[in-house]
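J.: Sequence:
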Amino acid sequence: MKIALDPTPFHRSHSLLELPGVVAEMGYEYLEMSPHADFIPFYGHPKADDATVRAFRKACDDAGVGICSVLPVLRWSGPDEDAREAAVRYWKRAIQITVDLGVPVMNSEFSGRPERAEESERAFFRSMEELLPIIEREGIDLRIEPHPDDFVEEGHAALRLIRALNSDHVGFLYCTPHTFHMQSDPLGIMRDAGPLLRQVHLADSFDHRRSSGLRYIVNPPGSTARVHQHLNIGDGDVNWDEAFSGLREIGFDGTLVSSVFAEEENAAESSRYQLRQIRERTAAR
Numbered sequence: 000m001k002i003a004l005d006p007t008p009f010h011r012s013h014s015l016l017e018l019p020g021v022v023a024e025m026g027y028e029y030l031e032m033s034p035h036a037d038f039i040p041f042y043g044h045p046k047a048d049d050a051t052v053r054a055f056r057k058a059c060d061d062a063g064v065g066i067c068s069v070l071p072v073l074r075w076s077g078p079d080e081d082a083r084e085a086a087v088r089y090w091k092r093a094i095q096i097t098v099d100l101g102v103p104v105m106n107s108e109f110s111g112r113p114e115r116a117e118e119s120e121r122a123f124f125r126s127m128e129e130l131l132p133i134i135e136r137e138g139i140d141l142r143i144e145p146h147p148d149d150f151v152e153e154g155h156a157a158l159r160l161i162r163a164l165n166s167d168h169v170g171f172l173y174c175t176p177h178t179f180h181m182q183s184d185p186l187g188i189m190r191d192a193g194p195l196l197r198q199v200h201l202a203d204s205f206d207h208r209r210s211s212g213l214r215y216i217v218n219p220p221g222s223t224a225r226v227h228q229h230l231n232i233g234d235g236d237v238n239w240d241e242a243f244s245g246l247r248e249i250g251f252d253g254t255l256v257s258s259v260f261a262e263e264e265n266a267a268e269s270s271r272y273q274l275r276q277i278r279e280r281t282a283a284r
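No gaps in the numbering here: position 185 of the sequence shown is 184 in numbering that gives the first Met the number 0, and each next residue is one more.
Bear in mind the hints are in silico, worked out from the structure with no lab data behind them. None of these values were measured; they are calculated from a predicted model. All clues stand as given, with none of them false.
Per label pair, the in silico range of CB-to-CB distance:
(1) S12 / E80: 30 to 40 Å
(2) Y215 / R115: 21 to 31 Å
(3) R278 / G138: 26 to 36 Å
(4) R115 / R208: 17 to 27 Å
(5) H44 / S14: 15 to 25 Å
(6) E80 / A156: 20 to 30 Å
(7) S12 / G43: 19 to 29 Å
(8) I133 / E80: 17 to 27 Å
(9) P220 / A54: 47 to 57 Å
(10) G20 / R278: 16 to 26 Å
(11) G250 / A82: 32 to 42 Å
(12) A163 / D81: 23 to 33 Å
For every residue, glycine included, the Cβ atom is placed at its ideal position computed from N, Cα and C.
Can you make the complete structure from the sequences, with help from the hints?
T.: Below you can see the structure in the form of structure tokens.
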């Protein structure tokens, strides 16, 4: 089992090439290469040229840190066809960057629109018709997560879409801070996923459905905004005993990623705390 850090909380305070050293300093052996303005930004064409890719790979080698996965977030399921076609082009460059880094794993979101779910699903499969042969040819293991405000938000529904691709190269990523948007069924989703569950993002979140749906008050009333957090383990409502017991039950041996974004001002302390929690909870029986 790999334990990795998403270094997003350090993006503002450190340069791209400094991130591997920071991850090592926090005690992690792996990092997840999440969207970064100088590498593969959110929804945009990858900005890293070949020299930057080589320099980043060397920085990881020098720090003794492996890259567990590369995470692009691109509108490959967007119902706007021009945006979808652009996202496919961006994905092709992101795949090449991943191959050049020597990394066999990518993970992402579905990145469609919930109010246009049927169109987004069509767009997703249209994109995968073009990208999946490349992913399979390059030996990439792609792991996809449902996300709040996406055309698929619930875990079981996401698993149905992944199975529909009928490829051993595509698996499932469970993001614990999305638990309450996935109908709060972590154990059931893990059991449903079985060996398809290959990566887990670990952070806490509050259950927005509590207090008669008034845990958060969003104005104007009736807003369709989705609210969730990426907090330290234990700071929210996720049932961590259930989550880790579920991973043990299915024999999970994939990648666990600390994915806290709400503690940027305490990023070092938070990252070290997360690592202790993950180690203690995976060691418990």
